[in-house]
Amino acid sequence: MDSDLTRRALVGAILAGGVGASTFSPVRGYLERFAPLSGAAWDATNQPESRTLDSPYGAAEVRYDEYGVPNVTGESEDAVYYAVGYVQARDRAFQMDLQRRLMAGDLAAVVGEAAVDSDEFHKKMDFAGAAQVTWESLADSRAGTLTEAYVAGVNEIMANDPSALEFSLLEYEPDPWTPVDTILMQKQIAWTLTGDFRTLRTALVADRLGEEVAKELYPSRLDHESPIIRDGQADQESQQRTKMQRTSATHTIDPAFVDWLSGFESPSGIGSNSWVVSGEHTASGEPIVANDPHLSLMSPPVWYEMNLSPPETSVRGVTFPGVPFVVIGENDAGAWGFTNTGADVIDFYRYDTRDGEYRYKDEWREFDTEQREIEVDGGENRQVTVRKTVHGPVIEREDARVGVAWTGHTAESTPQAIYQYSRSEGLDDIVDATENFDVPTQNLVYADRDGNTLYYVTGRIPIRTTDGEEVPGDRIFDGSAGEGEWQGFTPFGTSSWEGFVPFEEKPHVVNPDYIGTANQRVVNDPEQYIAEAYSDPYRGIRIYDRLDWRVRSDDPIDPQFMKDLQRDTLDLRAEALVPLLVEVARAAEDTAEIERHVDALDEWDYRMERDSLAALVFAQWFDQYRERVFSPIFDEHDLDASYYPNDWVLGHLGPNSRWFEGRSRAGVMLDALRGAIEAIESAEYDTYGGYNTTGAMTHPLGLDFLGYPALPTDGSRATVNNYAVENPTGSSWRMVCPMDGSSSAVIPGGNSGEYFSAHYDDQLKLWADTEYKSMSREIQGESTLTFEPGDGQ
Amino acid sequence: MVVAIVVGLVAAWVHWAGLFVGGALVGLAAATRGRALLAGFGFGVLVVAIFVVTLFVGGDLSQYLAMGQIVAVSLVIPPVVGAFAALARWLV
Chain A
1 MDSDLTRRAL VGAILAGGVG ASTFSPVRGY LERFAPLSGA AWDATNQPES RTLDSPYGAA
61 EVRYDEYGVP NVTGESEDAV YYAVGYVQAR DRAFQMDLQR RLMAGDLAAV VGEAAVDSDE
121 FHKKMDFAGA AQVTWESLAD SRAGTLTEAY VAGVNEIMAN DPSALEFSLL EYEPDPWTPV
181 DTILMQKQIA WTLTGDFRTL RTALVADRLG EEVAKELYPS RLDHESPIIR DGQADQESQQ
241 RTKMQRTSAT HTIDPAFVDW LSGFESPSGI GSNSWVVSGE HTASGEPIVA NDPHLSLMSP
301 PVWYEMNLSP PETSVRGVTF PGVPFVVIGE NDAGAWGFTN TGADVIDFYR YDTRDGEYRY
361 KDEWREFDTE QREIEVDGGE NRQVTVRKTV HGPVIEREDA RVGVAWTGHT AESTPQAIYQ
421 YSRSEGLDDI VDATENFDVP TQNLVYADRD GNTLYYVTGR IPIRTTDGEE VPGDRIFDGS
481 AGEGEWQGFT PFGTSSWEGF VPFEEKPHVV NPDYIGTANQ RVVNDPEQYI AEAYSDPYRG
541 IRIYDRLDWR VRSDDPIDPQ FMKDLQRDTL DLRAEALVPL LVEVARAAED TAEIERHVDA
601 LDEWDYRMER DSLAALVFAQ WFDQYRERVF SPIFDEHDLD ASYYPNDWVL GHLGPNSRWF
661 EGRSRAGVML DALRGAIEAI ESAEYDTYGG YNTTGAMTHP LGLDFLGYPA LPTDGSRATV
721 NNYAVENPTG SSWRMVCPMD GSSSAVIPGG NSGEYFSAHY DDQLKLWADT EYKSMSREIQ
781 GESTLTFEPG DGQ
Chain B
794 MVVAIVVGLV AAWVHWAGLF VGGALVGLAA ATRGRALLAG FGFGVLVVAI FVVTLFVGGD
854 LSQYLAMGQI VAVSLVIPPV VGAFAALARW LV
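Each protein sequence line maps, in turn, to chains A and B.
Those letters in the first sequence? Residues 1 to 793, per my numbering, in order.
Those letters in the second sequence? Residues 794 to 885, per my numbering, in order.
In case anyone wonders, no lab produced these hints; they're calculated from the structure.
Note that CB positions come from ideal geometry on N, CA and C, so glycine has one too.
Be aware that a few hints might be false.
Each pair of labels, with its calculated beta carbon distance range [as the list claims (entries may be wrong)]: (1) A:Arg142 to B:Val799: 48 to 58 Å; (2) A:Ala758 to B:Val800: 53 to 63 Å; (3) A:Asp161 to B:Val838: 51 to 61 Å; (4) A:Val27 to B:Val803: 17 to 27 Å; (5) B:Ala824 to A:Val27: 22 to 32 Å; (6) B:Val799 to A:Glu136: 23 to 33 Å; (7) B:Val803 to A:Asp564: 57 to 67 Å; (8) A:Val27 to B:Met794: 21 to 31 Å; (9) B:Met794 to A:Asp704: 35 to 45 Å; (10) A:Leu766 to B:Ala842: 53 to 63 Å; (11) A:Asp368 to B:Val803: 57 to 67 Å.
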């Protein structure tokens with residue numbers, strides 16, 4: 001989420017006295033909201049211990065366990081999902097409304113002027129339109145029917161009784177929730193995981209710094225030996241395909257436009273870890289699944305945990321508020337987890353245009369044009385023109401324009417696939433369900449209680465063609481010339497997917513002994529173009545190193561080992577660079593004041609732990625080094641830090657690299673070290689834990705008391721125990737599911753988004769200390785909500 | 794006076810206008826103008842006390858106290874409004 005922008009806007013709105021400030025005086029706003037006893041802000045206090053309500057979908061019972069996880073039972077699936085809607089709204093209504101407004105481009109209506117840019121982008125991308133067509137295609141499916149029950153449950157709260165503190169702070173009440181809103185949440189996840197403008201940025205850098213430099217900064221392949229599928233393991237069917245040349249960019253885009261668009265990408269650091277180990281190597285003889293997705297960390301958390309037990313099923317795990325079904329978790333048959341593949345499922349197009357028309361191959365066509373309105377609280381409403389071509393929406397700003405093709409813009413059946421996962425009875429069901437998993441592309445790992453394991457890349461991957469020849473998706477295409485076509489794709493309609501990578505040909509392994517995924521390269525020689533680039537492979541390498549060693553040793557793998565690995569804090573960047581840094585520092589003169597720090601680095605085991613001084617120095621040093629290496633040339637060419645390459649590229653720059661022309665690598669390293677130590681001293685940090693705290697995890701409104709307390713924690717953006725305090729992003733859920741044994745999990749924060757709830761942040765310390773709570777599917781807790789069959793309207 | 798307080802509390806529970814009602818009523822029930830102001834202020838303090846107790850009983854007190862500026866605003870409102878409304882005494 002473009003959080004800075006939105007946060008400022010929201011805080012501004014509150015300080016100005018809420019939405020009401022435009023029509024009433026601020027004083028009245030304070031009275032309405034904060035007057036003791038009557039104020040809207042106190043609505044959520046003094047909730048009754050338990051209540052009985054009517055449900056048009058049948059009897060259900062909700063018990064909240066000691067961590068505020070709703071345990072839901074019911075006479076039917078529909079009854080259960082009605083209750084799920086109710087509790088999600090009860091616990092996360094504001095978050096749901098905020099996310100829906102963001103995606104639909106309706107944020108300015110609540111927050112005012114500062115959100116207009118964001119709304120403009122989201123309306124032009126017409127995520128709402130994509131959600132609408134997806135809902136239309138799903139409405140009659142089982143997932144659709146249950147979504148309707150869910151929506152009814154949500155509206156019991158959202159339309160009738162929204163007591164969340166944030167609504168009263170901003171003085172507005174949410175609109176009723178609709179099934180399209182639920183699908184919009186799914187589009188948001190898909191966009192967060194696959195929506196990036198890397199192609200445009202690379203083209204811009206190539207334009208400014210030259211093709212060679214761009215290739216060096218953003219290589220399509222990093223030199224390491226730990227892809228997800230290591231040689232000899234791949235299962236996908238082979239097909240002869242012509243080898244593709246990586247072509248040079250011949251089209252570029254206005255830089256200010258690229259910068260503006262980049263603001264709507266998800267933050268860097270989005271990624272995840274997962275690994276599955278088969279019974280071959282475990283103490284119990286049954287497989288174990290571990291997953292920790294890395295997403296934005298904030299209050300309330302991105303995920304919501306629930307334990308559902310309709311008749312005939314039992315499923316526990318996490319979902320995104322607004323979505324009825326468990327997305328990552330475990331049922332009676334098995335457990336599954338996802339990490340981001342990083343596949344390239346988005347392409348960009350330029351066009352020849354004239355007066356409301358664009359050229360597409362031989363003909364001139366009219367842009368499919370629609371006028372939409374952006375409501376602006378406390379300001380003038382804006383008109384926005386939504387334009388589309390055969391490829392998808394066209395984003396325009398002043399004179400710059402780019403067409404976007406993205407797999408999420410069509411009707412897709414992922415919600416049905418997700419529902420099928422929770423109902424699955426084993427490996428075959430999961431594989432079947434995965435065929436419907438259209439967006440986003442994820443590395444799925446799965447294990448079932450029959451001893452099967454699975455790795456599969458989910459999601460549709462386009463095979464782009466220009467004049468019938470396959471081309472990679474890493475450049476801007478000439479849409480008028482018909483370059484980069486996606487066959488079988490209809491934006492804002494139903495797609496046949498015929499020009500996409502066939503299911504059996506997508507990378508997968510059935511019953512691997514063990515597989516680890518951490519957003520690294522999927523396979524060494526893929527049959528088709530999968531991704532423009534992958535993430536830094538540090539975590540991928542570390543996970544495989546530890547799995548390999550353990551497997552070769554005499555000790556079998558057990559849940560304790562899996563947790564240990566999720567806790568691993570070895571930073572491979574440090575292992576690679578610190579010895580050199582120490583050497584440089586020792587050889588230099590005038591280093592008396594930094595002696596203590598250099599000694600610490602020299603004695604260090606390269607673990608990013610809270611009590612370590614060396615970890616603190618390294619973290620600060622690395623970012624200073626990065627800035628000093630790139631900023632001279634980047635600044636000169638008007639490219640800010642968002643264009644800097646990833647850590648791996650920086651770490652592998654040799655002393656003779658062009659980036660050290662006119663200076664020396666040793667000199668830059670030393671300068672960075674001095675700078676880092678200065679920064680540490682002025683901020684008065686003693687150890688890594690003083691800097692690396694959960695205090696960075698804030699609430700969208702930016703109000704201190706709504707954020708989390710600052711607890712020290714371990715890990716960096718490059719370690720398996722993942723926490724990037726600079727964003728913040730990191731392990732947004734940790735889960736270890738042995739097929740034979742008890743499952744454990746933890747959420748960074750608390751399951752309730754209700755400020756006054758005892759479960760607002762009751763798991764934060766557990767998470768910060770990489771500890772776990774039970775993830776048992778046994779129904780537990782005191783009965784809090786009893787739903788009786790009846791028409792409660 | 795007691796009736797005034799009770800009516801005021803009931804009103805204040807439901808709507809912030811009740812603070813004005815309560816302040817005015819206790820002001821009118823007071824013997825002198827000076828006492829009226831005190832009564833209005835005291836009514837406000839009583840509202841705050843009841844509020845704090847209900848929060849405490851509901852387990853919400855520590856969260857309330859963490860709310861920064863909002864705590865200050867909410868604590869100030871009842872005594873100020875109560876005293877202000879008690880100026881109604883000056884009209885009688």
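Exercise. Run the structure past the numbered hints and jot down the numbers of the failing ones, going up.
Key: Per hint list: 2, 3, 6 and 10 violated.
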